[in-house]
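Participant: Residue strings, one per chain:
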Amino acid sequence: MAYLSRLQLTNFRNLTHLDLGLSPGVTVYYGPNAQGKSTLLEAVYLLCIARSFRAENEREVISFKAANAGEQALVDGTIEKIDQRLRVIIGYQPIQRSNREAETLGYNVRKEIRVNRIKRTAGELVGQVNAVLFSADDIELIQGPPSGRRRFLDILLSQADPLYLKGLQRYQKVVQQRNQLLRFLREGQAQTDELTFWDDELVREGAWITWRRYEAMRVLTQASMKHHEDLSGPEESLEIEYRPSVLLGLDVSETENNFREALSAAFHRERARPVTAVGPHRDDFYLMIDGADMGVFASRGQARTLALTLRLAEAEFLSSIRGDGPVVLFDDAFSEMDSSRRYRLLEKATRYEQVLITTTDLNQVNDFFGAGANYHYISKGQIWHSDQNGNISEYPVSSQEDDFESDQAIDESV
Amino acid sequence: MTQENISGAAPSLARLVQELNRLPGIGPKSAQRLAYYIIRLPDDEAYAIADAVTSVKQNIVFCDECQNLTDTSPCQVCSDPRRDRSIICVVEDPLDVLAMERTRSFRGLYHVLHGVISPINGIGPDQLRLKELFTRLGRLEVEEMVVATNPTLEGEATAMYIRRHQGREDLRITHLARGLPVGGSLEYTDETTLTRAFQGRQEI
Ligand SMILES: [Zn+2]
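Chains as they are written, first to last, in this note's numbering: chain P, 14 to 427; chain D, 6 to 209.
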């Protein structure tokens, strides 16, 4: 088991002070747009994957007012696991930069992660508690560029295995260093033999990442086919094809050999255009229905269903690998969906221990859950208890006075 | 530090704040605090700081042998007859020499590279004191070279480059053990460190 039992937010986007108790089961947050619903899920997902899923630059997460005042933003979550309680605190401290170039950007942030008071890296946090996020933007997984699909695989594998994230981070650094060296080579400012180390590392880490993705894709494909049939009926047959940049071998070491050959073959291309031409940073996977590439031919409805299918497969993958199921998050994910499909989706998702749902329209969920969920109304960063019919409590759940403890947490995490 | 932040301060004071602010780890606030602290110091103490800065810039040179920073070349370590000349320890920068010396467990020679290979920072083999190292290896009677670069990607790249280019066949080349921090606990050790520590396990 793993669920979030308490969430405290300080200066996190428009949520200045929030202290929220949570329970297992389904909790619905509804209310008009831009009142903090997505921000709430952003914070929960951040506690799991150590990164914001919305921010281009993570300094965005500090409220504008707090950043100006030099105050930090805090996301403070308490997670109940079967054998322990985890307190995860992620703090963002705005730092005024002194040089001219940074003045136009305004400020930078220093991010700090603590788990049970001990300072941790992002790599050490990821995988402690898993989460799967269903969002309206997921349609990009099907119709968007390959980078979104690689990111999907990377988040999934990082949550399943912390060593994957380490390997990936190392691989990304190798690619950066190698690209710069290729630029120097073209300009005659470096010797070819300086590539040796970076080539070796690229091949070693890259082949391993390719192989891990391949293994994960096999499991994901099985799960996706089943979920897709459940959601869409048996008429459409789904296939998923992993297309790695480097030809797969029968095992990691054969894949390494293939990688090395591909790299040699790319020699002239890489000299002409100095970027690393082969490797898992060029991978993609294709979804096909009855042989048609859904990246190109999916209707909007088909693309939505396929995205949900991938998310359901992700959740299943994580619970099969880690034992404790992921926290399941739905961020306004039900629009443009007919009720039978919505029912089937909710039926599958609510098998997980904790499900947090945001929606602008209470009617998208209360017909399914009735009295079987907790309901909250969110407006202007405040949260009220509600019943399934939208009758809200007189006073908000959390008021400014209740935040004394979270102020102490600020001191602790500095 | 922006001009607005220090308007109202005398120009000479503003200049001091600005200079201090350029030091690593010193933000605008600390720079101001330090500047006002210096102003309140007795004259001789304040001049002692200025003099120390001037003197370090005038007197410090690179040791012709090990490339460490020194007042006189060859440096104290290189000219000490009691040092073990059969072993040489290659480090990234002068602070690493201090760290090794504090252990009192290494009595050999050093070589300071002044950096690590990192293309994105514009540092290749030619920017490091590698030629000097390879020349020394040809000349000295060392039997073992400990490549003590940091266990980072760039540190490894540098170690690999040294191993491939050092040119002596009879040289024993080692690196520092990657292991558990003393006083650390298994529970709080990341997987990579633990894996490497396990691979490097020893008889007790
Ligand atoms: Zn010396």
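Bear in mind the hints are in silico, worked out from the structure with no lab data behind them. Hints should not be assumed to be uniformly reliable.
[Unchecked claim] Calculated from the model, a selection of chain D residues having no Cβ within reach of chain P, i.e. all distances over 12 Å:
id : residue
1  : Ala14
2  : Arg88
3  : Met105
4  : Glu106
5  : Pro124
6  : Leu158
7  : Arg169
8  : Arg173
9  : Glu174
10 : Thr200
11 : Gln207
[To be verified] Listed next, the in silico DSSO-like pairs over lysine-lysine satisfying Cα-Cα at most 30 Å (straight line):
id : chain 1 : residue 1 : chain 2 : residue 2
12 : P       : Lys179    : P       : Lys124
13 : P       : Lys124    : D       : Lys34
14 : P       : Lys78     : P       : Lys132
15 : P       : Lys78     : D       : Lys136
16 : D       : Lys62     : D       : Lys136
17 : P       : Lys393    : P       : Lys124
18 : P       : Lys361    : P       : Lys78
19 : P       : Lys239    : P       : Lys393
20 : P       : Lys186    : D       : Lys34
21 : P       : Lys94     : P       : Lys186
22 : P       : Lys186    : P       : Lys361
23 : D       : Lys62     : P       : Lys132
Using N, Cα and C, we set each Cβ at its ideal position, and we do this for glycine too.
Participant: Out of the numbered hints, which ones does the structure contradict?
Facilitator: 5, 6, 7, 10, 15, 18, 19, 20, 21, 22, 23
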